[in-house]
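Given the sequences, and given the hints that come with them, work out the whole structure.
Here is how the chains run, residue by residue.
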Amino acid sequence: NPYTGLVSHLRAAWLSGKTRPMEYRVAQLEALGRFLDEKKQEILEATALDMGKPSFEAYFTEILLCKNELNDTLNNLSHWMKDERVDKNLVTQLDSAFIRKDPYGVVLIIAPWNYPIHLFLVPLIGAIAAGNCVIIKPSETSKNTERLVAEVLSCYLDNDCYAVVTAGAQETTRLLENKFDYIFFTGTSRSPSVGRIVMAAAAKHLTPVTLELGGKNPCYVSDICDVQNVARRVAWGRFFNAGQTCIAPDYVLCSVEMQEKLMPALREAITEFFGSNPRESPDFGRIVGDKQFRRIRALLCSGRVAIGGQTDEKERYIAPTVLADVLPTDPAMQEEIFGPILPIVVVANIDEAIDFINARPQPLAIYAFSCDSKVVNQVLERTSSGGFCGNDTLMHVTLTSLPFGGIGSSGLGMYHGKFTFDTFTHHRGCLHRNMGLETLNALRYPPYGQQKLGLLTATFEIKRKGMCTLL
Amino acid sequence: MERMQQVVGRARAAFNSGRCRSLKFRMQQLKALERMVQEKEKEILAALKADLHKSGHNAYSHEILGVLGELALAMDKLPSWAAPQPVKRNLLTMRDEAYVCLEPLGVVLIIGAWNYPFVLVMQPLIGAIAAGNAVVVKPSEISENTAQLLADLLPQYLDQELYPVVTGGVPETTELLKERFDHILYTGNSTVGKIVMAAAAKHLTPVTLELGGKSPCYIDKDCDLAVACRRITWGKYMNCGQTCIAPDYILCDPSIQSKVVENIKATLKEFYGEDVKSSPDYERIVNKRHFKRILSLLDGQKIAHGGEADEASCFIAPTILTDVSPESKVMEEEIFGPVLPIVTVKSVDEAIEFINRREKPLALYVFSHNKKLIKRVISETSSGGVTGNDVIMHFFLSTLPFGGVGNSGMGAYHGEHSFETFSHRRACLIKDLRMEGTNKVRYPPGSQKKVDW
Chain S
1 NPYTGLVSHL RAAWLSGKTR PMEYRVAQLE ALGRFLDEKK QEILEATALD MGKPSFEAYF
61 TEILLCKNEL NDTLNNLSHW MKDERVDKNL VTQLDSAFIR KDPYGVVLII APWNYPIHLF
121 LVPLIGAIAA GNCVIIKPSE TSKNTERLVA EVLSCYLDND CYAVVTAGAQ ETTRLLENKF
181 DYIFFTGTSR SPSVGRIVMA AAAKHLTPVT LELGGKNPCY VSDICDVQNV ARRVAWGRFF
241 NAGQTCIAPD YVLCSVEMQE KLMPALREAI TEFFGSNPRE SPDFGRIVGD KQFRRIRALL
301 CSGRVAIGGQ TDEKERYIAP TVLADVLPTD PAMQEEIFGP ILPIVVVANI DEAIDFINAR
361 PQPLAIYAFS CDSKVVNQVL ERTSSGGFCG NDTLMHVTLT SLPFGGIGSS GLGMYHGKFT
421 FDTFTHHRGC LHRNMGLETL NALRYPPYGQ QKLGLLTATF EIKRKGMCTL L
Chain F
1 MERMQQVVGR ARAAFNSGRC RSLKFRMQQL KALERMVQEK EKEILAALKA DLHKSGHNAY
61 SHEILGVLGE LALAMDKLPS WAAPQPVKRN LLTMRDEAYV CLEPLGVVLI IGAWNYPFVL
121 VMQPLIGAIA AGNAVVVKPS EISENTAQLL ADLLPQYLDQ ELYPVVTGGV PETTELLKER
181 FDHILYTGNS TVGKIVMAAA AKHLTPVTLE LGGKSPCYID KDCDLAVACR RITWGKYMNC
241 GQTCIAPDYI LCDPSIQSKV VENIKATLKE FYGEDVKSSP DYERIVNKRH FKRILSLLDG
301 QKIAHGGEAD EASCFIAPTI LTDVSPESKV MEEEIFGPVL PIVTVKSVDE AIEFINRREK
361 PLALYVFSHN KKLIKRVISE TSSGGVTGND VIMHFFLSTL PFGGVGNSGM GAYHGEHSFE
421 TFSHRRACLI KDLRMEGTNK VRYPPGSQKK VDW
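Protein chains in written order, with the UniProt record's numbering: chain S, 1 to 471; chain F, 1 to 453.
Calculated directly from the structure, the hints in this document are not laboratory data. Built from N, CA and C at the ideal position, the CB exists for glycine as well.
Straight-line C-alpha distance at most 30 angstroms; calculated DSS-like pairs for lysine-lysine:
1. K179/S / K194/F
2. K88/F / K82/S
3. K288/F / K42/F
4. K179/S / K202/F
5. K277/F / K302/F
6. K179/S / K178/F
7. K88/F / K101/S
8. K88/S / K375/F
9. K204/S / K194/F
10. K204/S / K292/F
11. K269/F / K452/S
12. K261/S / K440/F
13. K88/S / K371/F
14. K418/S / K77/F
15. K88/S / K418/S
16. K452/S / K265/F
17. K418/S / K375/F
18. K259/F / K329/F
19. K82/S / K372/F
20. K49/F / K452/S
21. K77/F / K88/S
22. K88/F / K67/S
23. K372/F / K259/F
24. K261/S / K374/S
25. K77/F / K82/S
26. K101/S / K82/S
27. K39/S / K67/S
28. K204/S / K101/S
29. K346/F / K375/F
30. K101/S / K77/F
31. K40/S / K418/S
32. K88/S / K31/F
33. K277/F / K452/S
34. K374/S / K88/F
35. K375/F / K179/S
36. K18/S / K418/S
37. K346/F / K18/S
Listing some non-contacts, in silico: residues in chain F with all C-beta distances to chain S over 12 angstroms:
38. R3
39. F25
40. Q29
Here's what the structure looks like:
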């Protein structure tokens, strides 16, 4: 296996205990911060080459959000690392009981191409903070970023403990044959099936996993709303990174009247954002590759093109597009779009919208827009999704105190902020008892008798509040 | 088998009906479970006796007491566990509502084990119900009396569609695992654990695997040997060694090996009397297959105590082996029987090295007066959990997460950890539809000014 040597090398470094002290972890994290600062220009250029990522977007997601996570982690690391004391029961009153935060060992992070720095770096922050050694496998689809990371990251991080592997699908399969102590996988449109492959490979070694996958994120717009604000927020979320965002609003559900009202509002928002010819706007991206371009273009024959629809294969440009009167059977409703196309599916009312959502696999995110908070709450309470944002799109993932992850086919596990640290940490229950006071243990030893049982029950049992209790 | 599809399908339809979401409903079910345990105590103890020759005391204290405790805790804490948790906001979200909703996962599968057949089904079941899920229960067929009892009792007390019991062996479990679940909690061995996870992978189902391994027990020279050995004897030979967190083997300095043996022998006499076989407090091996397996581990070993066996009753006497070679068969697999090998090591460094060369165990034990040494052993090793200066006890503190790491498992439960295991943490951000001004910063057209802001 071409990677066994590398994995052993990292495992040896892991066993040496190098990554355990807080000072070491802080130093590596600070080095990551310097990488973001010093290589900002290179990151903006690489992502521009890879998918025409507008520099404002690249700065926001690849630099700013990453630095937020970094600072959050550095500010809190010592607290997160500490043994967590837990409440004790009667029998353990005199003991020391705590949860020890143990690193797993050698972990693997596989990242996708759409936010190519962010989606390996944010998990990496948690993995380093938790004391692990890490192999990073950036996406081969975002070639320029992959090259940048492969060449440059090693100048910042300790090469004994952190390595970047460049690999295509076949080589990644071989990489996955090795034993890792944790695997963190983020995938894109075809993700559920690749997610299954990763988890099946992990199962061979009993390796725990986090899978950040995707789905079709519905966006319900009620009749009672400020249409222009809705249009802006939905358009922003949909067309960010030319639609190549796992939490983008994938399709809109609304009444036929609202569809009517939304159309001019969306048109206005798109013009406001990208001008009359989005192709010339520096703020609108491109599709990452020819294969993906063709896949998305084929979805255009759904419903009718109400806004946009223009494409240019050479540039891999697809205009910000809104499709009206889309049917559930149309191509655009069969797969995660992952492109700058927003289908509108008409529903009669909120119940139909909720039934529509619940008839489909659980998505990564659900959006609901209404001036009536009761309506927003109804959608929240009667559906299931990784995360939820009311009256906006995407924003819930910018708050590091909220967990980010999927459910069902949209994924398992979660991260961001402390949740990333916890993801890469084994929470080890520890009880440190007193060697003395052996008489207290007498109740548990044979030979047994009825009397002993009564006394034992009294000391062990958690009683309901309001009842007589020794606890 | 269509039967599995029907059972799981019914549970899913029942879950989708929404009736197990309300806290009131969940409390009702938990209360019913509590009634079941109290009203059917005799039957439960009888089943455990039939399956494992468990004495009333052991059965009650190991299997019923803990369950009653978890039920009381869950009913007490449910409102606070299930409440949305507000989170810290940043500048951009200061005026918004941001919180985490704990939501049920859906239909979960609990696969029990035969060694503590009641508690290992009940404890996860309590957490899964408390978290608002539908639950398919599959008790181990090897502890057949308890499995049958659960199949009879649960439908009498709980909602029959939401919490079905499926009985059967390997073929039935294989069929069951083809269905889609929203979480699977499996207690058993690593080999089957891999099969369960592979089946789960097909549906991207998260899993909690409570597996096993060889839990090492290091006895330092500087410790009260009498106390240490009494505690170890208790933990090792309870349930005839068939405990996932039993101290599997001892590591100690050769100079104290014979004293360790003496102390354990003395404790055994104290616990079980001269004739262990006639003690009502000593259990039996669950079946002939395991009986033969454990007995074969004695081949070529120095038996310092015990070794007697009787196939007809699946009795194996409490046994101690000395000067055991790390390469011998008894040091390869988890013993899961009343055989205690002692492997000598010259120092705590050697002990740590020995432990780290092997798969991560479910539990780790270290006995010493020297607090620093205990801290060192904990820090330089990895295991599911730890008890210092005792064995088993970390299991009984429900505020500690109980689970394995590496080959000994993944995920954890007990107390609130069960509730979290069976819940989805859904991030919720509710913004105002007005206040569009603050959003302008993020909209295109982008500009250097915006970036600087």
